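Residue numbers (this note's numbering), protein chains in the order written: chain D, 763 to 907; chain B, 763 to 907; chain Z, 763 to 907; chain U, 763 to 907; chain F, 763 to 907; chain H, 763 to 907.
Quick caveat, the hints were computed from the structure, so don't treat them as lab data.
These figures come from a predicted structure and were not determined experimentally.
Glycine included, C-beta positions come from ideal geometry on N, C-alpha and C.
Treat each hint with caution, since some may be false.
What the hints assert, rightly or not - Between beta-carbon pairs, the in silico distance windows are: (1) Z:H834 / U:T831: 23 to 31 Å; (2) D:H836 / H:Q815: 29 to 37 Å; (3) F:D842 / H:Q835: 22 to 30 Å; (4) F:T848 / Z:H836: 23 to 31 Å; (5) U:T854 / H:Q835: 26 to 34 Å; (6) D:G794 / H:Q815: 38 to 46 Å; (7) D:G887 / H:Q815: 16 to 24 Å; (8) U:T854 / F:S839: 29 to 37 Å; (9) B:E787 / D:G887: 39 to 47 Å; (10) F:I840 / D:K795: 56 to 64 Å; (11) D:K795 / U:T854: 38 to 46 Å; (12) Z:G794 / F:P799: 58 to 66 Å; (13) H:Q788 / Z:R868: 48 to 56 Å; (14) U:D825 / D:T854: 31 to 39 Å.
As the list claims (entries may be wrong) - Here are the computed lysine-lysine pairs in the PhoX-like style, where the Cα-Cα straight-line distance is at most 25 Å: (15) U:K853 / B:K795; (16) U:K853 / F:K853; (17) H:K764 / F:K853; (18) Z:K795 / B:K853.
One-letter residues, chain by chain:
There are 6 protein chains.
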Amino acid sequence: MKAYLSRRYRFSASHRLNSDSYSAEQNLAVFGKCNNPHGHGHNYIVEVTFGGQVDPVTGMVCDLGALDTFAHQHLTSIFDLVNLNTLDHFKTMVPSTENLAIVVHRIFSDFTGATLTNVHVEETGNNSFDYPGEIGPTTASTAAA
Amino acid sequence: MKAYLSRRYRFSASHRLNSDSYSAEQNLAVFGKCNNPHGHGHNYIVEVTFGGQVDPVTGMVCDLGALDTFAHQHLTSIFDLVNLNTLDHFKTMVPSTENLAIVVHRIFSDFTGATLTNVHVEETGNNSFDYPGEIGPTTASTAAA
Amino acid sequence: MKAYLSRRYRFSASHRLNSDSYSAEQNLAVFGKCNNPHGHGHNYIVEVTFGGQVDPVTGMVCDLGALDTFAHQHLTSIFDLVNLNTLDHFKTMVPSTENLAIVVHRIFSDFTGATLTNVHVEETGNNSFDYPGEIGPTTASTAAA
Amino acid sequence: MKAYLSRRYRFSASHRLNSDSYSAEQNLAVFGKCNNPHGHGHNYIVEVTFGGQVDPVTGMVCDLGALDTFAHQHLTSIFDLVNLNTLDHFKTMVPSTENLAIVVHRIFSDFTGATLTNVHVEETGNNSFDYPGEIGPTTASTAAA
Amino acid sequence: MKAYLSRRYRFSASHRLNSDSYSAEQNLAVFGKCNNPHGHGHNYIVEVTFGGQVDPVTGMVCDLGALDTFAHQHLTSIFDLVNLNTLDHFKTMVPSTENLAIVVHRIFSDFTGATLTNVHVEETGNNSFDYPGEIGPTTASTAAA
Amino acid sequence: MKAYLSRRYRFSASHRLNSDSYSAEQNLAVFGKCNNPHGHGHNYIVEVTFGGQVDPVTGMVCDLGALDTFAHQHLTSIFDLVNLNTLDHFKTMVPSTENLAIVVHRIFSDFTGATLTNVHVEETGNNSFDYPGEIGPTTASTAAA
């Protein structure tokens, strides 16, 4: 009986889209208003999904309390009420929400209670991003062949 | 043209997380406040997903009216405004939301209008669980090999 | 410049609607399925509204951190993951959501940072209750006359 | 680093479920109130999902501005504030929401910035439909075998 | 102890904004795309609010079951899955959502369990309308003077 | 027949809470993490409410198209994707969400189609602020006396 648990965490942060590989003109052309030097921000919603056997005694995929403690320590205490550009995680890459999803995936890959299967990040009510990691269904199918 | 129909049903119920395999001390250690003898509750949202060919005449995957009748008879009339621990479905297992998803999957597997592909249960706005059944993509891939 | 701050707190609890003034038959007739002896539950959302002058220096109606600390101590740490019927607050009254709104109003009336003007409680996505306290606009109008 | 971008577009439209292949009696029997000659309507939410490599310089799967321009031109300017039955897209098929998902899939398949992987349409808060296109996981698995 | 109960009802309907007092050109100029002869539609959410003393025995403002029965009979069974222009209620007025709020107010004014204090109608996620009836706070203030 | 129209506008912006009247230590003590020099951000939702007679011919309180044009010109084109601290509106006051509500009120007070009765701003899903302007019910009651 394999089930999936999804848990949402929320934080409010700002970011500026700007690439060191581009000139000021190129950055403006590519990122438009999102390139303004003072940044803008969002209420980010991060949903992490873990898959695993449902424990026949506890009826659970993993210990939710342990997951919340992990998330507080490694995600919300660091990402809430900051400018993402100032975090070490984004020293060498643009803090786009695609990259944020990849960063969050790396963070929760270290949680040992169950297998991380997806990271979903909502930037606004109209925009969201998913990063399932690199060992996705396509790879599995290829391996199966 | 295979499409997927998802339909949401809602009920308000209570539960107590407690395993007969554990001592009182163990139950408290594992389930914390969720083990309090008087229980607590949630507004559960159940979303069932069915896949099937879109009928070229009706333009539909299945008869939504028939699905609603089925859901009323087998789900909401039984699960709404009750304590889940008192239901036969949870006589031998903890009424965790993972197990609730599995129970709901068993119930809707008997609906004959289309193929059940997933059960999604939201326990709170921050917590949800998915159970796609045991004939999932992994099994299919393995069979393919 | 008088503004209003509203803050939402959430807890999951169960309740049973049953009045000591009624016989078992009367309770069943009045409360229906909500009278089942094992209870049922909800994800309650409590929104408290405070009015006050916007401080010309801080730009704030009140200290949100202080409000959150108060709410944790007096509301969520007590009401989350419990059966409302077991709380002292409901010893002499039915734990209906109307009465829950009144109880929450009493609790937050002790917060000294600003003036409590309303308590709003959502029981489900279709049901909500407001209790503005007894010194409402009608009374003020009468006083004005 | 393959990620997925989902973007929501919204429009308000009406439709009448009625098939030319059926008699008036059959249409009424199959579609019930949804067959009334004057139609009814919904606030449709369309979510299109695109997958692609995250560009190492921009940190993006595709140009969101270009997607929005495409969506305005090909979706919302055409589908908002109309009766779906009057659109060319539904000349030969019932404007069910399953068929709407298929139509939206055809439209966004022409967007060249990234690979369309799913179309999700919410008809009401309780009803939604997904159409991933015909080159789905099943086909991939079959190919793998 | 006066509290307020708000209850949400939902229906999906279509409408065309068109006034008999206007020429075709005037209607198009005033209502734009909303004047197209085939109409468009919405998932309307109606929230009715009732005020009343909280019954010291039941803990309730009014009998919710009775309100739901009333709403089914007088609102949802009539307004769901129809074109509002075809209803008697809109024979002599444009089925704008402002007028819909007024019509709903008239309907629920006949409910005898408590005092109707407001009707709120959501047309889309960005648009809503309130009609508190004609005996509003302004009248009360005037009377007070 | 006086009704109220509420319309929601959305923008994503960043802000830093910092008062020129305070020392760096005081600012940190009062605003905590919200005082970090690089700011953080939110998806702000602004809901403006206008009251007015329902026009007997159009069935409307005001011209929604004119309101949207006004809002685009004076609100969203200016406030979206910026840092609030850099706007002229906040040159002499902290860009708290209370002050943002007051600023938005000043802006929409210039809309001539109907009478502005309230500005509601949601900072997060748990936080919101209302500013009804200075000619509120309290003042009216006092005048009535």
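Evaluated hints:
| no. | hint | in the structure |
| --- | --- | --- |
| 1 | Z:H834 / U:T831: 23 to 31 Å | violated (47 Å) |
| 2 | D:H836 / H:Q815: 29 to 37 Å | violated (57 Å) |
| 3 | F:D842 / H:Q835: 22 to 30 Å | violated (38 Å) |
| 4 | F:T848 / Z:H836: 23 to 31 Å | violated (53 Å) |
| 5 | U:T854 / H:Q835: 26 to 34 Å | violated (43 Å) |
| 6 | D:G794 / H:Q815: 38 to 46 Å | holds (42 Å) |
| 7 | D:G887 / H:Q815: 16 to 24 Å | violated (33 Å) |
| 8 | U:T854 / F:S839: 29 to 37 Å | holds (33 Å) |
| 9 | B:E787 / D:G887: 39 to 47 Å | holds (45 Å) |
| 10 | F:I840 / D:K795: 56 to 64 Å | violated (47 Å) |
| 11 | D:K795 / U:T854: 38 to 46 Å | holds (43 Å) |
| 12 | Z:G794 / F:P799: 58 to 66 Å | violated (47 Å) |
| 13 | H:Q788 / Z:R868: 48 to 56 Å | violated (35 Å) |
| 14 | U:D825 / D:T854: 31 to 39 Å | violated (22 Å) |
| 15 | U:K853 / B:K795 | violated (58 Å) |
| 16 | U:K853 / F:K853 | violated (31 Å) |
| 17 | H:K764 / F:K853 | holds (21 Å) |
| 18 | Z:K795 / B:K853 | holds (21 Å) |
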